[in-house]
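Those letters in the sequence shown? Residues 43 to 408, per this note's numbering, in order.
Just so you know, these hints were derived from the structure itself, not from any lab.
Mixed in with the good hints, there may be bad ones.
To be verified - Cut-off 25 Å, straight-line C-alpha distance, at most; resulting in silico cross-link-like pairs (DSS-like, lysine-lysine):
(1) LYS92 with LYS287
(2) LYS391 with LYS93
(3) LYS93 with LYS287
(4) LYS314 with LYS287
As the list claims (entries may be wrong) - Label pairs and their calculated CB-CB ranges:
(5) ASP101 with SER373: 54 to 64 Å
(6) TYR186 with ASP110: 45 to 55 Å
(7) ASN199 with ALA349: 41 to 51 Å
(8) ILE168 with ALA112: 28 to 38 Å
(9) GLY371 with VAL200: 50 to 60 Å
Computed from a predicted model, the values in this text were never measured in an experiment.
Glycine included, C-beta positions come from ideal geometry on N, C-alpha and C.
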Amino acid sequence: MRLTLSFAVTFASLAAAQPDTGISGVYEVVVGTSDAQATSLYFEQFGFSKKESTTLSADRARQLYGVDSAANVIRMQNGDIDAHGLLRIIEWQNGLGPGVGFAPAETVGQRLAVMRTRDIFRLHDIFQDARASGEPWFATSPVYDDLYSMTDKGPLNVLQRRVGVREMAVYGEQFNHVFYQRYGYSIPGYGTIGEHSPLQTSEFTHHDFIIDGDIEAVTDYYESVFGLRQEAPATLDGEWQPGPKAVFDMAAGTSHWYVGFVSPNDISGKLKFFVARDRNHVRDRSTEQRMGYEGITMHTLWTPELAQVHALATEQELTITPIQDNEFGESSFVLHGPDGSTWQVIKRKRARQAPVTELNFTPVNN
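Given the sequences, and given the hints that come with them, work out the whole structure.
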(Lines of atoms letter the chains of each structure in order from A and count residues from 1; the text may use other names and numbers.)
(Lines give C-alpha, C1' and ligand atoms only; values in the text may rest on other atoms or scores of the structure.)
Protein backbone atom coordinates (compact mmCIF):
# COMPACT_ATOMS: atom_id res chain seq x y z
CA MET A 1 0.00 0.00 0.00
CA ARG A 2 1.23 3.48 -0.85
CA LEU A 3 -0.09 6.61 0.83
CA THR A 4 -0.57 9.41 -1.64
CA LEU A 5 -0.64 12.21 0.96
CA SER A 6 2.13 12.74 3.49
CA PHE A 7 2.83 16.32 4.43
CA ALA A 8 3.03 18.88 7.20
CA VAL A 9 0.76 21.89 7.52
CA THR A 10 1.91 24.80 9.66
CA PHE A 11 -0.66 27.11 11.14
CA ALA A 12 1.05 30.14 9.61
CA SER A 13 -0.46 29.09 6.30
CA LEU A 14 -4.00 28.63 7.56
CA ALA A 15 -5.15 32.19 8.07
CA ALA A 16 -4.18 35.79 8.48
CA ALA A 17 -2.66 36.85 11.78
CA GLN A 18 -5.01 36.71 14.77
CA PRO A 19 -4.51 38.07 18.29
CA ASP A 20 -1.64 36.20 19.91
CA THR A 21 -3.53 35.06 23.01
CA GLY A 22 -1.59 31.86 23.70
CA ILE A 23 -4.95 30.15 24.06
CA SER A 24 -5.29 26.37 23.91
CA GLY A 25 -7.62 24.13 22.03
CA VAL A 26 -10.61 22.97 24.06
CA TYR A 27 -9.22 22.08 27.48
CA GLU A 28 -12.27 20.51 29.13
CA VAL A 29 -15.78 19.36 28.41
CA VAL A 30 -17.96 20.30 31.39
CA VAL A 31 -20.84 17.91 32.10
CA GLY A 32 -23.65 18.44 34.58
CA THR A 33 -25.02 15.36 36.29
CA SER A 34 -27.10 14.19 39.24
CA ASP A 35 -24.66 11.34 40.02
CA ALA A 36 -20.95 12.11 39.73
CA GLN A 37 -19.89 8.63 40.80
CA ALA A 38 -21.87 6.92 38.07
CA THR A 39 -20.73 9.46 35.47
CA SER A 40 -17.06 9.09 36.41
CA LEU A 41 -17.34 5.29 36.31
CA TYR A 42 -18.80 5.55 32.83
CA PHE A 43 -15.91 7.66 31.55
CA GLU A 44 -13.33 5.39 33.17
CA GLN A 45 -14.32 2.87 30.50
CA PHE A 46 -13.08 5.33 27.89
CA GLY A 47 -9.70 5.78 29.57
CA PHE A 48 -10.38 8.76 31.84
CA SER A 49 -9.17 8.82 35.46
CA LYS A 50 -9.78 11.25 38.30
CA LYS A 51 -7.09 13.93 38.66
CA GLU A 52 -8.66 16.19 41.28
CA SER A 53 -11.94 16.86 42.99
CA THR A 54 -13.49 19.60 45.08
CA THR A 55 -16.78 20.99 46.34
CA LEU A 56 -18.60 24.15 45.37
CA SER A 57 -20.87 26.05 47.76
CA ALA A 58 -24.15 27.51 46.54
CA ASP A 59 -22.83 31.04 47.12
CA ARG A 60 -19.68 30.34 45.10
CA ALA A 61 -21.64 28.61 42.32
CA ARG A 62 -23.88 31.68 42.11
CA GLN A 63 -20.86 33.97 41.76
CA LEU A 64 -19.10 31.80 39.19
CA TYR A 65 -21.92 30.35 37.13
CA GLY A 66 -25.19 31.98 38.18
CA VAL A 67 -26.46 28.69 39.61
CA ASP A 68 -28.00 28.64 43.10
CA SER A 69 -26.80 25.16 44.03
CA ALA A 70 -23.93 23.49 45.84
CA ALA A 71 -22.02 20.93 43.80
CA ASN A 72 -19.37 18.23 43.83
CA VAL A 73 -16.80 18.59 41.06
CA ILE A 74 -14.41 16.03 39.52
CA ARG A 75 -11.74 16.70 36.89
CA MET A 76 -10.73 13.68 34.77
CA GLN A 77 -7.92 13.16 32.27
CA ASN A 78 -7.20 10.52 29.64
CA GLY A 79 -3.67 9.16 30.15
CA ASP A 80 -0.89 11.76 30.10
CA ILE A 81 -2.65 14.18 27.74
CA ASP A 82 -3.18 17.37 29.76
CA ALA A 83 -3.06 20.17 27.16
CA HIS A 84 -6.53 19.38 25.81
CA GLY A 85 -9.31 16.81 25.93
CA LEU A 86 -10.08 16.68 29.66
CA LEU A 87 -13.45 16.27 31.37
CA ARG A 88 -15.03 18.13 34.30
CA ILE A 89 -18.06 16.55 35.99
CA ILE A 90 -20.33 18.74 38.11
CA GLU A 91 -22.91 17.04 40.33
CA TRP A 92 -25.48 19.69 41.18
CA GLN A 93 -27.32 19.21 44.47
CA ASN A 94 -30.19 21.38 43.29
CA GLY A 95 -29.86 21.34 39.50
CA LEU A 96 -32.10 23.08 37.01
CA GLY A 97 -33.22 20.02 35.08
CA PRO A 98 -32.23 17.39 32.51
CA GLY A 99 -30.90 19.85 29.93
CA VAL A 100 -31.03 19.22 26.19
CA GLY A 101 -31.42 15.52 26.95
CA PHE A 102 -32.06 12.74 24.46
CA ALA A 103 -32.87 14.65 21.30
CA PRO A 104 -32.55 14.49 17.50
CA ALA A 105 -29.06 15.00 16.18
CA GLU A 106 -29.34 18.56 14.88
CA THR A 107 -31.30 19.95 17.83
CA VAL A 108 -30.03 23.47 18.55
CA GLY A 109 -28.07 23.24 21.80
CA GLN A 110 -26.65 19.78 21.12
CA ARG A 111 -22.95 19.36 21.93
CA LEU A 112 -20.84 16.38 20.84
CA ALA A 113 -17.37 15.39 22.03
CA VAL A 114 -15.19 13.46 19.59
CA MET A 115 -12.56 10.82 20.32
CA ARG A 116 -10.50 8.33 18.35
CA THR A 117 -10.89 4.58 18.81
CA ARG A 118 -9.10 1.44 17.67
CA ASP A 119 -12.33 -0.53 17.19
CA ILE A 120 -15.42 1.40 16.16
CA PHE A 121 -17.53 -1.70 15.55
CA ARG A 122 -16.94 -2.89 19.11
CA LEU A 123 -18.29 0.44 20.37
CA HIS A 124 -21.26 0.24 18.04
CA ASP A 125 -22.11 -3.20 19.39
CA ILE A 126 -21.82 -1.98 23.00
CA PHE A 127 -24.22 0.92 22.52
CA GLN A 128 -26.63 -1.25 20.53
CA ASP A 129 -26.64 -3.72 23.43
CA ALA A 130 -27.27 -0.87 25.90
CA ARG A 131 -30.18 0.35 23.78
CA ALA A 132 -31.62 -3.17 23.62
CA SER A 133 -31.41 -3.27 27.43
CA GLY A 134 -33.66 -0.23 27.65
CA GLU A 135 -31.09 2.58 27.94
CA PRO A 136 -31.75 5.71 25.82
CA TRP A 137 -28.85 5.60 23.36
CA PHE A 138 -29.00 6.10 19.61
CA ALA A 139 -25.89 4.96 17.71
CA THR A 140 -25.55 5.78 14.03
CA SER A 141 -24.04 3.13 11.78
CA PRO A 142 -20.26 3.46 11.27
CA VAL A 143 -19.59 5.04 7.88
CA TYR A 144 -16.34 5.25 5.91
CA ASP A 145 -15.02 8.43 4.31
CA ASP A 146 -11.73 9.40 2.66
CA LEU A 147 -11.61 12.86 4.23
CA TYR A 148 -8.31 13.93 2.69
CA SER A 149 -8.47 12.06 -0.64
CA MET A 150 -5.55 9.87 0.38
CA THR A 151 -6.55 6.61 -1.31
CA ASP A 152 -4.61 5.76 -4.48
CA LYS A 153 -6.65 5.69 -7.65
CA GLY A 154 -7.18 2.36 -9.31
CA PRO A 155 -8.48 -1.04 -8.18
CA LEU A 156 -8.37 -1.72 -4.42
CA ASN A 157 -7.47 -5.09 -2.94
CA VAL A 158 -5.49 -6.68 -0.10
CA LEU A 159 -2.26 -5.04 -1.24
CA GLN A 160 -3.75 -1.77 -2.48
CA ARG A 161 -5.99 -0.65 0.41
CA ARG A 162 -8.24 2.33 0.99
CA VAL A 163 -7.09 5.11 3.35
CA GLY A 164 -9.49 7.15 5.47
CA VAL A 165 -11.67 7.04 8.56
CA ARG A 166 -14.79 5.32 9.74
CA GLU A 167 -16.96 7.34 12.11
CA MET A 168 -20.23 7.22 14.01
CA ALA A 169 -22.18 9.28 16.53
CA VAL A 170 -23.85 8.14 19.74
CA TYR A 171 -26.62 10.31 21.20
CA GLY A 172 -27.64 9.94 24.85
CA GLU A 173 -29.41 11.69 27.73
CA GLN A 174 -26.38 13.43 29.24
CA PHE A 175 -23.63 12.99 26.66
CA ASN A 176 -23.20 12.77 22.91
CA HIS A 177 -20.16 11.04 21.42
CA VAL A 178 -18.55 10.92 18.01
CA PHE A 179 -16.03 8.11 17.51
CA TYR A 180 -13.66 7.70 14.59
CA GLN A 181 -11.15 5.03 13.55
CA ARG A 182 -8.29 5.77 11.15
CA TYR A 183 -7.07 3.46 8.40
CA GLY A 184 -3.72 3.86 6.65
CA TYR A 185 -2.47 6.97 8.43
CA SER A 186 -1.92 8.60 11.80
CA ILE A 187 -1.70 12.19 13.06
CA PRO A 188 0.75 12.42 15.99
CA GLY A 189 -0.69 14.47 18.85
CA TYR A 190 -4.27 14.11 17.66
CA GLY A 191 -5.97 11.22 19.43
CA THR A 192 -3.62 9.25 21.71
CA ILE A 193 -4.88 5.82 22.75
CA GLY A 194 -3.18 4.14 25.70
CA GLU A 195 -3.42 0.60 27.00
CA HIS A 196 -5.02 2.03 30.16
CA SER A 197 -8.24 2.64 28.20
CA PRO A 198 -10.62 -0.38 28.46
CA LEU A 199 -12.54 0.62 25.33
CA GLN A 200 -9.39 1.70 23.48
CA THR A 201 -10.38 5.33 23.08
CA SER A 202 -8.40 8.57 23.23
CA GLU A 203 -8.79 11.98 24.83
CA PHE A 204 -11.36 14.29 23.26
CA THR A 205 -9.80 15.54 20.04
CA HIS A 206 -12.47 17.94 18.77
CA HIS A 207 -15.94 19.19 19.57
CA ASP A 208 -19.18 19.75 17.64
CA PHE A 209 -21.64 22.55 18.42
CA ILE A 210 -25.17 22.70 16.97
CA ILE A 211 -26.07 26.39 17.00
CA ASP A 212 -28.37 28.91 15.29
CA GLY A 213 -27.95 32.26 13.58
CA ASP A 214 -25.61 33.66 10.94
CA ILE A 215 -22.76 31.19 11.36
CA GLU A 216 -19.98 33.60 10.38
CA ALA A 217 -21.32 36.44 12.55
CA VAL A 218 -22.02 34.52 15.75
CA THR A 219 -18.66 32.67 15.68
CA ASP A 220 -16.48 35.68 14.81
CA TYR A 221 -15.31 36.06 18.42
CA TYR A 222 -13.38 32.80 18.24
CA GLU A 223 -10.90 34.68 16.06
CA SER A 224 -11.14 38.22 17.43
CA VAL A 225 -11.21 37.31 21.14
CA PHE A 226 -9.73 33.83 21.50
CA GLY A 227 -7.19 34.11 18.68
CA LEU A 228 -8.28 30.85 17.07
CA ARG A 229 -8.03 30.42 13.32
CA GLN A 230 -10.89 29.72 10.99
CA GLU A 231 -9.87 26.82 8.79
CA ALA A 232 -11.90 27.96 5.78
CA PRO A 233 -14.96 30.07 4.94
CA ALA A 234 -18.26 28.58 6.01
CA THR A 235 -19.27 25.77 3.68
CA LEU A 236 -22.49 23.92 2.94
CA ASP A 237 -22.61 20.24 3.90
CA GLY A 238 -25.54 17.95 3.30
CA GLU A 239 -27.03 14.48 3.20
CA TRP A 240 -25.34 13.83 -0.15
CA GLN A 241 -22.10 13.36 1.84
CA PRO A 242 -21.71 10.03 3.64
CA GLY A 243 -20.10 11.42 6.80
CA PRO A 244 -22.54 14.24 7.68
CA LYS A 245 -25.53 12.14 6.58
CA ALA A 246 -24.66 9.35 9.01
CA VAL A 247 -23.26 11.30 11.97
CA PHE A 248 -26.09 13.85 12.02
CA ASP A 249 -28.79 11.42 10.89
CA MET A 250 -29.71 13.84 8.10
CA ALA A 251 -32.97 13.35 6.23
CA ALA A 252 -33.07 13.44 2.46
CA GLY A 253 -32.92 16.97 1.09
CA THR A 254 -31.41 18.57 4.21
CA SER A 255 -28.16 20.48 4.60
CA HIS A 256 -26.29 22.67 7.09
CA TRP A 257 -23.63 25.34 7.22
CA TYR A 258 -20.30 24.34 8.74
CA VAL A 259 -17.26 26.27 9.98
CA GLY A 260 -14.25 25.05 12.00
CA PHE A 261 -11.67 26.72 14.23
CA VAL A 262 -8.29 25.52 15.50
CA SER A 263 -5.79 26.90 17.98
CA PRO A 264 -2.34 27.89 16.66
CA ASN A 265 -1.00 26.39 19.89
CA ASP A 266 -2.46 22.88 19.59
CA ILE A 267 -3.66 20.91 16.56
CA SER A 268 -6.13 19.09 18.79
CA GLY A 269 -9.08 20.50 20.71
CA LYS A 270 -10.67 21.82 17.49
CA LEU A 271 -14.11 23.41 17.36
CA LYS A 272 -16.73 22.65 14.69
CA PHE A 273 -20.00 24.56 14.35
CA PHE A 274 -23.15 23.60 12.45
CA VAL A 275 -26.27 25.60 11.56
CA ALA A 276 -29.18 23.87 9.84
CA ARG A 277 -30.08 25.54 6.56
CA ASP A 278 -33.76 24.68 6.91
CA ARG A 279 -34.49 25.65 10.49
CA ASN A 280 -38.10 24.48 10.30
CA HIS A 281 -36.79 20.92 10.51
CA VAL A 282 -34.85 21.33 13.78
CA ARG A 283 -35.80 21.83 17.41
CA ASP A 284 -34.31 24.47 19.67
CA ARG A 285 -33.40 23.48 23.23
CA SER A 286 -30.61 26.00 23.62
CA THR A 287 -32.20 27.56 26.72
CA GLU A 288 -31.42 24.30 28.55
CA GLN A 289 -27.83 24.20 27.34
CA ARG A 290 -26.29 26.15 30.22
CA MET A 291 -24.68 25.66 33.60
CA GLY A 292 -26.94 24.12 36.23
CA TYR A 293 -28.57 21.72 33.79
CA GLU A 294 -27.42 18.17 33.09
CA GLY A 295 -25.42 17.32 29.99
CA ILE A 296 -22.61 19.21 28.23
CA THR A 297 -23.16 22.78 29.37
CA MET A 298 -19.74 24.47 29.18
CA HIS A 299 -16.26 24.11 27.70
CA THR A 300 -12.98 25.53 28.95
CA LEU A 301 -9.82 26.95 27.40
CA TRP A 302 -6.50 27.83 29.01
CA THR A 303 -4.00 30.57 28.32
CA PRO A 304 -1.00 32.25 29.98
CA GLU A 305 -2.50 35.60 28.87
CA LEU A 306 -5.80 35.65 30.74
CA ALA A 307 -5.95 39.43 31.23
CA GLN A 308 -5.45 40.01 27.50
CA VAL A 309 -8.30 37.66 26.57
CA HIS A 310 -10.55 39.30 29.18
CA ALA A 311 -9.72 42.72 27.72
CA LEU A 312 -10.49 41.54 24.17
CA ALA A 313 -13.84 40.14 25.32
CA THR A 314 -14.61 43.44 27.04
CA GLU A 315 -13.79 45.37 23.85
CA GLN A 316 -16.15 43.13 21.88
CA GLU A 317 -18.88 43.77 24.48
CA LEU A 318 -19.41 40.06 25.12
CA THR A 319 -21.15 38.82 28.26
CA ILE A 320 -18.36 38.02 30.73
CA THR A 321 -17.75 37.72 34.45
CA PRO A 322 -14.92 39.38 36.38
CA ILE A 323 -11.65 37.46 36.66
CA GLN A 324 -11.90 35.33 39.80
CA ASP A 325 -10.77 31.94 41.10
CA ASN A 326 -12.85 28.97 39.96
CA GLU A 327 -13.62 25.96 42.16
CA PHE A 328 -10.11 24.59 41.59
CA GLY A 329 -8.49 27.88 42.65
CA GLU A 330 -7.58 28.80 39.06
CA SER A 331 -7.76 32.41 37.96
CA SER A 332 -10.47 32.47 35.29
CA PHE A 333 -13.57 34.11 33.88
CA VAL A 334 -16.74 32.88 32.20
CA LEU A 335 -17.88 34.09 28.77
CA HIS A 336 -21.26 33.62 27.09
CA GLY A 337 -20.96 33.92 23.32
CA PRO A 338 -23.50 35.07 20.72
CA ASP A 339 -23.54 31.49 19.40
CA GLY A 340 -25.08 30.33 22.70
CA SER A 341 -21.89 28.67 23.98
CA THR A 342 -20.47 29.09 27.48
CA TRP A 343 -16.71 29.17 28.03
CA GLN A 344 -14.49 29.34 31.09
CA VAL A 345 -11.06 30.73 30.22
CA ILE A 346 -8.39 29.63 32.72
CA LYS A 347 -4.96 31.08 33.41
CA ARG A 348 -2.27 28.42 33.06
CA LYS A 349 1.38 28.81 32.13
CA ARG A 350 1.87 25.57 30.24
CA ALA A 351 0.82 21.94 29.93
CA ARG A 352 3.01 19.23 31.45
CA GLN A 353 2.95 17.39 28.13
CA ALA A 354 3.61 19.90 25.38
CA PRO A 355 0.89 19.97 22.72
CA VAL A 356 1.67 19.27 19.08
CA THR A 357 1.40 22.40 16.91
CA GLU A 358 2.22 21.00 13.47
CA LEU A 359 -0.21 18.80 11.60
CA ASN A 360 1.55 15.75 10.11
CA PHE A 361 -0.04 12.89 8.20
CA THR A 362 2.06 9.77 8.71
CA PRO A 363 1.55 6.54 6.69
CA VAL A 364 0.53 3.49 8.74
CA ASN A 365 0.50 0.00 7.26
CA ASN A 366 -2.90 -1.28 8.35
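Right, here's what the structure says about each hint:
In summary, the hint linking LYS92 to LYS287 is not supported, as the alpha carbons are separated by about 35 Å, beyond the 25 Å threshold. At roughly 18 Å between alpha-carbon atoms, LYS391 and LYS93 fall within 25 Å of each other, so this suggested pair holds. The suggested pairing of LYS93 with LYS287 is violated, with an alpha-carbon distance near 37 Å, which exceeds 25 Å. Annotation: proposed proximity of LYS314 to LYS287 holds, straight-line Cα distance about 16 Å (limit 25 Å).
For the pair ASP101 and SER373, the beta carbons lie near 19 Å from each other, so the given range of 54 to 64 Å is not met. Separation of TYR186 from ASP110 is about 48 Å and conforms to the stated range, judged on CB atoms against 45 to 55 Å. The hinted range of 41 to 51 Å is not satisfied by ASN199 and ALA349, whose Cβ atoms lie roughly 59 Å apart. For ILE168 and ALA112, the Cβ-Cβ distance of about 34 Å falls inside the hinted range of 28 to 38 Å, so the restraint holds.
At roughly 56 Å, the beta-carbon separation of GLY371 and VAL200 lies within the given 50 to 60 Å, and the hint holds.
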